[in-house]
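All chains, full assembly: derive it from the sequences and hints.
Chains P and D, in that order, give the protein sequences.
In terms of my numbering, the first sequence has 297 at position 284, counting the first letter as 1, and numbering is strictly consecutive.
In terms of my numbering, the second sequence has 454 at position 425, counting the first letter as 1, and numbering is strictly consecutive.
Because the hints were derived from the structure by calculation, they are not lab data.
The beta-carbon is built from N, C-alpha and C at its ideal position, and this holds for glycine as well.
Please note that the accuracy of each hint is not assured.
Residues from chain P that face chain D, not an exhaustive set, calculated with beta carbons under 8 Å [what the hints assert, rightly or not]:
(1) Val-65
(2) Tyr-114
(3) Leu-115
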Amino acid sequence: MTESPIQCSQLSKKFKSLMALDHLDLTVPEGSIYALIGPNGAGKTTLIKTLVNILRPSSGIASVLGVDSRKLSPQQFAQVGYVSENQEMPEWMTVSYFLNYLRPFYPTWDDARASEMLKQFDLPLDRKLSQLSRGMKMKAALVSSLAYRPKLIILDEPFSGLDPLVRDEFIEGLLESASGATIFISSHDLAEIESFSSHVGYLDQGRLQFSEESAALAARFREIEITLPTPAIPANLPESWLRVETSPSLIRFVETRFEEVQTNQQIASIFPGAQNVTINPMPLREIFIALAKTLRKAA
Amino acid sequence: MRLIFQVFRKDIRRLTAPIVALLIIHATATVVEIERHWPVQPRSINRIDWSPSVLPITWLFLIAAVLLQERLPGTTQYWLTRPIGWPKLLAAKLIFVALFINAAWFLSDCVILSSLHLAIHPLALLYHQVPLSLTLLLPAFCLASLCTGVGQFALGLVVAVVVFVIDLLFNFFRSSIGGVAGGIGESSAVDFDIQYSPVAWPLIALPALTLFIIGFQFARRFTSPSRLALLIPIFSLIPFTLFPTMDLFSMHQRVRMFGDKPDTGPSSLKFSFDFESSRKPVVVERSYYNNLQLPVRIEGLPKDVFVEGLGNAYLNGAQIRLSTNLYNDDNGYWLRIWNADSKVNFVPSMTVDVTASLHIAVFKIEKTQLIPLSNPGLFSPQPGTFCRSGPTTQNVLQCWSGPGQSSDEQYRAFTWLGHSSVELHSSPRENPWAFSPIMSWTLYPFGRASSEALPGLSPEAVVRVLTLRPLAEFNRTLPTQKIDPGPYRFTP
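In structure tokens form, the structure reads like this:
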């Protein structure tokens, strides 16, 4: 059995009184495209920076490519591609010089691949990074992080501030060039992530609320609407029902453990006279909002 | 190695303009230094005299610039996740500093020495760079590794300067209270060694600590604790400065006790002296640090008097200022010549032409009084001189004179009964820098003083031509040609 590229065990990171990561357990399967979602301040960037040893954990262990993140050596970094939205780049360098500068650092640097990506992204080689737009800069960063065929690609909010066209190009380039690699991506752009992620993790207040395959997640979340003949809402509803909204003859909620037979039986037992039951699949964005609002309310 | 070179090359490309500026300033400073020692052209010196003082500032900001290319504090730098280990990164930065600061300075020294037709002794020149590297470059390197930008670096420098100015001011006012014992390395009269001065300990600890912080910061990037660790020794200098050591305090008291003793005695003794073998090469038989020790024969002196000489010497016909003094011991009289403000090192097999000029003082010592016997116009203790026999086991006699030969200098004489010598110090009022222990250490590298360069380096220096001339003649015309050697008879 191969080791997970990313594995966290009871990982905590504390900034003075703020617990940014709270005993987090996480396993990212090899070859997966793992999307880490969560509201602002949930701890996504902290987690990523801890994974790449920019920050050191307060307790617990984060292992990357089988090595404790605190002990990541150049050998491991040569197999990790990291792109972040707020990364400071050597702005004085031209695109060409930037790539040439980095080439000797990576034994597996693939010039052909770099050229392909440059062509695909239409990056001007002789232009300084400081003169590039934000989207172009992110593309240059991506090229510099994929040209050596890393085993693990870590992206921190790579789409923020990019227009839809650039975003599409970015994702296209990423998926084409990163085949076989494990991708760990944090993003607010849930619509984009949903289209290509294989696994999803939801982080809130430093705690991982869930972590599962995207298909399973999509399958277990449903928005359900029930029309009732008489206004009779029982006091105790199942815990798996979130964002319950009621009107005299209507109840709407998000079922988080949807299974067709079982859920229908449950509805029939709670609302025996239910006239009309509508069950709709939910996009990732809706799931995110439902979870975020519920957790915020609970907090 | 390949990656070190890659980072190094990148830094050169990025910092090409500052490097070129530094080299231009270096070249200018070199020319200034050469001109300062060679046939004098006052106008040209004045025109470009700014370069030596600009040089250290350029060094500091070049260090900051190269380190900030891969800024250590922060979490957003692209290079943090690139596969280069901290030892390689540190090595690349150190090589950069070594090449463009240390090596450039070394080269400049070599050019200066060869322009003045002086022997180049690489080891001695490298030795000069040790204090520079420890007291300036290393702390600057450390400071830059803790900063997020040039502005923060400049702020750090300001803090350091403020601390030093406080030290300077305190030493200035302390100097005017009563006598000053002299700074570290300034006085040989009381064996004022580093071990007697707690002030020196932070200065020793600072390079050690900065080395530790640099390693710690590169390896772990724990910026906040490292900043705190750096601030502690800097600020600890202030209390060390504000409370003088017991040695200094007791010396103040000692000097003040005898402050008003009048100067008495006849000034009519005649004597003459000559250098042995002045027409042929003189092999120096003894050496003290970087000094030439030449045997001198003095005739006509009674046995119970002491002779002191103090003055300047000029080397190879150039205006390289050397200091000389005359002293006696059991083996007779010796003329000691040492370089006070140039980088000249007397090295084995070095051939030098020296022209020396001395003020001669002849005096007797009766009880605690120093009685001048030489004629007016020569160096002699002025009215207001106070002396006493020292209570130390070295049997030291300390003398403090009034204004010296020039208006802006004072002579302070320290005379051993066994090994008499006279040392010249600037007035504390005129030159407080020299009397600040911290400053004398810190400014040591800039002074390019090499009189204590390498102990025991010059046991067999050869003086080919040695001419003794009156100081007045020297002041009138600068020697630009070799002076015809000949026995010189001094008849005041």
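Handout entry: Restraint outcome when Tyr-114 of chain P is required to lie within 8 Å of chain D by C-beta distance
Key = holds, 6 Å
Exercise for the section: Would you check whether Leu-115 of chain P satisfies its interface hint, that is, whether its CB is within less than 8 Å of any CB in chain D? Expected result: This hint holds: Leu-115 of chain P lies near chain D, its Cβ roughly 7 Å from the closest one there, short of 8 Å.
Handout entry: Restraint satisfaction for Val-65 of chain P [CB to CB of chain D, less than 8 Å]
Key = holds, 5 Å
Consistency note: the structure conflicts with none of the earlier hints.
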